Amino acid sequence: MGEMASALAHELGQPLSSCVSYLDGAILRLRSGSMAPAELAEALGLAKRQADQAGAIVKRVKNYVRRHRPERRAADLNEIFRDVVSFLGFEIRFHSAFVRLNLMPDIPTVLVDRIEIEQVVLNLLRNALEAVSGLPGKRRLLEITTRSRGKRSIEGIVTDRGCGLPKDGPNKVFDPYFTTKSEGLGLGLSICRTIIESHGGKLNALPNSPWGASFSFTLPGR
Amino acid sequence: MIDSSATVFVVDDEERMRHSLHWLINSVNLRVTTFPSARAFLTTYRPSMPGCLVLDVRMPEMSGLELMEQLRERGVALPIIFLSAHGDVPMAVRAIKSGAIDFLQKPFNSQEFLDCINLALKLDATSRAKRASSDRLRQGVAMLSARELEILELAFSGDSSKSIGKKLGISHKTVEVHRAHIMKKLDVRSFNEAIGKLVGDKLLKALHSPH
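Protein chains in written order, with this note's numbering: chain A, 1 to 222; chain B, 1 to 211.
Don't read these hints as lab results, they were simulated from the structure. Take these hints with a grain of salt, some might be off.
[What the hints assert, rightly or not] Facing chain A, a subset of chain B residues (Cβ under 10 Å, in silico): (1) Glu14; (2) His22; (3) Trp23; (4) Ile25; (5) Leu83; (6) Ala85; (7) Ile101; (8) Lys106; (9) Ser134; (10) Leu137.
Small disclaimer: the values here were computed from a predicted structure and weren't measured. The beta carbon of each residue, even a glycine, is placed where N, CA and C say it ideally should be.
Modelling step: build the complete structure from the supplied sequences, incorporating the hints.
Take a look at the structure:
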């Protein structure tokens, strides 16, 4: 995700920079009274073209994330969680965290693009690990829960006892470019939500008592 | 004062960056020339051209930082402003340490960018004026005769015209005539000014070497 964010920043930085230069140049010329209408029209046209290009890049990224025809297959959500936890083994030990798995036995399968859902789970767990990093022992516990919800919906929940959600609105964490980290663009959770919604599910953040946050996503069962 | 022929040289491999920077810089009535590569700039640029350089950090073939290092090796003191699309901290540190004016990240603030350019142009004008006056002084010193150099040295050690005349076995009137010539050749109005300039320019050492 980090590399993608950096590539995106570069891709968008160029057209936006050009766009701003045309507009500021036009403002300066208008103020000094040295610009003919035709010249202004030309500058605005050039600025618009750059803004359109930035827009096209955003669209391309959205399509990449959504992937118009994702590969949907029956998958076991418990297995996805187990795989990601084992993949993160080193990072979990590095942060001296503990993971408790409350997985529903004989869980119905979900119809998903496995790689995309793994990305979501990976993101939620990494965020949770970072949220508890450096805290006292009893707070470095992550809980993973799976359960069925209603008739045809499966729910996955990642709960941490970390620093919690913004007081002025827990859903702020899904805003693009919301971030509490010194590195990173803040696109992670916003992309996660897009992935879950493209599967017909929902991703929500709730405060956890007494500490931390709970991220829950639903996926339609088969 | 900034020379009216001072030019903002822009080197960026992206066409749209060159065009939009050209437009922006032109909006404040400054001269701009753009180049698509470091190589293209090097083949055109002569150190006698006043101005400043706006450089993209990352370019194929020769990067902005490499171009700066080459210019410095060739003794070109043109002030440099870097533009980068990446938040590349180590690169920024390296650039600033090597004497770059600033390291701006795209998309940058236009006013900040234009302020940087104005500062760079002023610095270039000042350093060029300094170099020109020191060149004139050097030329003046080179025109001095052996006798004039002798008199200058004695005067520098604090001797009066009279004692200089005694030491050299000439009349103090003749010494006065030599002093007038020296002042004319060095283009100064007083003898003290001449000595001040020579000290300031560290040219006194040159006086002691054989002419």
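So, going through the hints one by one against the coordinates:
1. Glu14: 6 Å, holds
2. His22: 9 Å, holds
3. Trp23: 5 Å, holds
4. Ile25: 8 Å, holds
5. Leu83: 8 Å, holds
6. Ala85: Holds - the Cβ of Ala85(B) comes within 10 Å of chain A, reaching about 4 Å at its closest.
7. Ile101: 18 Å, violated
8. Lys106: Status holds, d = 4 Å.
9. Ser134: 37 Å, violated
10. Leu137: 41 Å, violated
This entry does not satisfy hints 7, 9, 10, going by the numbered hints stated previously.
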